[in-house]
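Counting the sequence shown from 1 gives a position; the numbering used here is that position plus 59.
No wet-lab data here; the hints were simulated from the structure. Treat the hints with care, since some could be wrong.
As the list claims (entries may be wrong) - Simulated pairs of lysine-lysine, DSSO-like, Cα-Cα distance not exceeding 27 Å:
1) Lys81 x Lys62
2) Lys115 x Lys276
3) Lys155 x Lys115
4) Lys137 x Lys81
5) Lys155 x Lys111
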Amino acid sequence: MKKVAIIGAGIVGATAAYYLSKESDLEVTVFDHGQGQATKAAAGIISPWFSKRRNKAWYKMARLGADFYVDLLADLEKSGQEIDFYQRSGVFLLKKDESKLEELYQLAIQRREESPLIDQLAILDQASANELFPGLQGFDRLLYASGGARVDGRLLVTRLLEASQVKLVKEKVTLTPLASGYQIDEEVFDQVILATGAWLGDLLEPLGYAVDIRPQKGQLRDYQLAQDMEAYPVVMPEG
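Sequences are here, hints too, so could you generate the full structure?
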């Protein structure tokens, strides 16, 4: 039986652990010391379709990532796992210059041909938007896509690791290449998946590798409200 180590238990590492755990000839161990996870800190907005980045490779990756949730949810449901981490509630896109909304609407119409997950598209006035999100103000019009969603990253990782039932080691570890395999925490593995995100450089630097991956600062304001807002569309303001 092959032994596989996964360093990093964010969305990437936990997803890899879940699918690899289905392979009967693999023994999977996940290492994560539980600090500095982008997965836990992210707002979790699933709506890449309005991006105007020129980097086509980036958009393809983001689009396929959004599409992948459909398969992941189906697989978890089949195994009897809760999928309470994912809420398809739609998305509102706001622009300071609302004349740009029509252009983005047409862009999304084109992209819907390869991403049917986008589903319904519409430019809504405030009255129509308030039917979906009561009390939302500060705009005359906005762009709406019913396929937008939000993901609770912390809960997603928890569900994936529960379903995989792999061994989880909550330690910060180092990687030592051997003639055959890799040593991590006094244990030898045949193969290793590095899913450490922004900390990949720190892990690889002692081995003589340099990677152009680094942390990026972000800000998130978290409100605790009395009413249940899970069904409200995700709001993507400009900026």
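Hint check:
1. With a C-alpha separation of about 14 Å, the suggested pair lysine 81 and lysine 62 falls inside the 27 Å cut-off, and the hint holds.
2. As the CA atoms of lysine 115 and lysine 276 are separated by approximately 24 Å, the hinted pair is consistent with the 27 Å bound.
3. Only pairs whose Cα atoms come within 27 Å are accepted, and lysine 155 paired with lysine 115 is accepted, the gap being roughly 25 Å.
4. Of the pairs offered as hints, the one joining lysine 137 and lysine 81 holds, with about 13 Å between alpha carbons and a cut-off of 27 Å not exceeded.
5. Restraint check for lysine 155 and lysine 111: the C-alpha separation of about 16 Å stays at or below 27 Å, so the hint holds.
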